[in-house]
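Chemist: For reference, the chains in residue letters:
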Amino acid sequence: MRMRAISVFALAVGLLSVSMPLFAHHGTAVFDTDKTLTLKGSVTEWDWSNPHCLLQFDVKNESGQSVHWIAETQNPANMVYAGFGKASFKPGDEITVTLMPTKNGLPYGRIKQVVLANGKTLNASGGTTSGDSSDSSSGSKSGNSPKK
Amino acid sequence: MPNDGKPEHQLPYTPQGLETYKSHKPLIGVDEVLPTDYNDPRDKCEPLGFPRTDLYYLRDTQIFQNEYKVAILYQYGEAWRVIWTDGRQLPKLVDGAVLVGKEVREQRFYGYSVGKWVDDTTLVVETVGMMPEDRVWLDITGRPISDAARVEERFHRVNRDRLELTVTIDDPKMYTKPWIAMNKFPMRLADPHRDVMEVYCSPSEMEKYDKLFANPTSAPASPPGGDTPGR
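Those protein sequences? They're chains A and B, same order as listed. Letter by letter, the first sequence follows residues 50 to 197 in my numbering. Letter by letter, the second sequence follows residues 233 to 463 in my numbering.
The set of hints was computed from the structure by calculation and includes no laboratory data. There could be a bad hint or two in this list.
Said to hold, decoys possible - Below, computed lysine to aspartate or glutamate pairings styled on DMTMM-like, alpha-carbon distance capped at 25 Å:
no., chain 1, residue 1, chain 2, residue 2
1, A, K161, B, E430
2, A, K152, B, D275
3, B, K238, A, D81
4, A, K139, B, E437
5, A, K161, B, D442
6, A, K161, B, E437
7, B, K440, A, E94
8, A, K84, B, D442
9, B, K440, A, D107
10, A, K135, B, D423
11, A, K152, B, D263
12, B, K440, A, D96
13, A, K135, B, D275
14, B, K348, B, E396
To be verified - Facing chain A, from chain B, some residues (calculated, C-beta under 10 Å):
no., residue
15, V265
16, M419
17, H425
18, Y441
Backbone N, C-alpha and C define an ideal beta-carbon position, used for all residues, glycine too.
Based on the sequences and whatever the hints tell you, model everything.
Modeler: Structure representation (structure tokens):
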């Protein structure tokens, strides 16, 4: 009798035991972790790729000037758990973005949440703290000053 | 084992181990640096290697087995690894290589693994023959692993839906004694029809990300008197 080459298969998913930055490419060294900004703008580009997805959008400031922002999320394999997808945004979409800005005052940040024009809310942390993920070795200190 | 500066999480480094750790500039952990300053081989798209793959991205892990071997397919880098369960001996370590029988063989990013079933639900795996410390890191926080390492994994099937993985590192070049890197890390049995997404390092995508985001966000702060546009 011919033996089957592969007789058993299992797909196992790593489980989260405590909440921590997970599957992250990098920590929070560039971000002002004590601040949150909420911005209304118009999408110019949505890049669904590794190591981070990037959302680009234009925001009109108080003077009426248009400022171009770029905000990141974790990678696609993480973000699907938060309901993000390749087609989540298209150019022209009106969005409200809540993000953690960078320390250097430039228009960049890490997304916490995006609310679409139809009211749907995408919570970015849902891709990193839901019930299946692993990183046994992370532990960045909040507010740590990075070494140069 | 978190790397958060707490005393209970300090590792038993040898002098060489501590020196190697300090030479690493990681993106995450108590010693994290800015994205423009790090030197993690991961982001040069070097293979993650073993045992780092156990400590980094064990999200969707596919495990195949037959009477001769267990094959593990890792999501990150779409890498695979074979654990022989056919009774063969673990290779011997020699300087810069391994001995498989009498044959000198190369070091491998994912090493050489043999496994033994110690009971119906526990597979104990030994792995040697990994890359030296200037090619790979142990984890994302920059802790080191050398080619002298011997890694033990215990895969314990607790019940139908739960698998627990314990990883012990024994690396006399980097650490003065063995230590447990992962202790009963839980994994859940998933639907075998589940689609597994790719997670990879692409030099072109990394270059684009660095140009668009990593480099600008690592730049010094704006001079005083300027306002953040859009705020």
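Chemist: Under the criterion that the straight-line Cα-Cα distance not exceed 25 Å, is the pair K348 (chain B), E396 (chain B) satisfied?
Modeler: 16 Å, holds
Chemist: Holds or violated: Y441 (chain B) as interface residue toward chain A, Cβ cutoff 10 Å?
Modeler: OK, holds: Y441 (chain B) within 10 Å of chain A, min 6 Å.
Chemist: Hint M419 (chain B) vs chain A: min CB-CB distance below 10 Å?
Modeler: Result: holds, 4 Å to nearest chain A Cβ.
Chemist: Assess, step by step, whether the Cα of K440 (chain B) is no farther than 25 Å from the Cα of E94 (chain A), and give holds or violated.
Modeler: 14 Å, holds
Chemist: Can the restraint linking K152 (chain A) and D263 (chain B) be considered satisfied, given a maximum Cα separation of 25 Å?
Modeler: 18 Å, holds
Chemist: Would the pair K161 (chain A) and D442 (chain B) pass a check requiring their Cα atoms to be no farther apart than 25 Å?
Modeler: 21 Å, holds
Chemist: Regarding the pair K139 (chain A) and E437 (chain B), is the alpha-carbon distance no greater than 25 Å?
Modeler: 20 Å, holds
Chemist: Do the alpha carbons of K440 (chain B) and D96 (chain A) lie within 25 Å of each other, as the hint requires?
Modeler: Status holds; Cα separation ~10 Å.
Chemist: Under the criterion that the straight-line Cα-Cα distance not exceed 25 Å, is the pair K440 (chain B), D107 (chain A) satisfied?
Modeler: 20 Å, holds
Chemist: Would the hint on V265 (chain B) be counted as holding, given a Cβ-Cβ threshold of 10 Å to chain A?
Modeler: 5 Å, holds
Chemist: What's the verdict on K238 (chain B) and D81 (chain A), does the C-alpha distance respect the 25 Å limit or exceed it?
Modeler: 23 Å, holds
Chemist: Is K135 (chain A) close enough to D423 (chain B), meaning Cα to Cα at most 25 Å?
Modeler: Holds: K135 (chain A) and D423 (chain B) sit about 23 Å apart, inside 25 Å.
Comparing the model with each numbered hint stated earlier shows that all of them hold.
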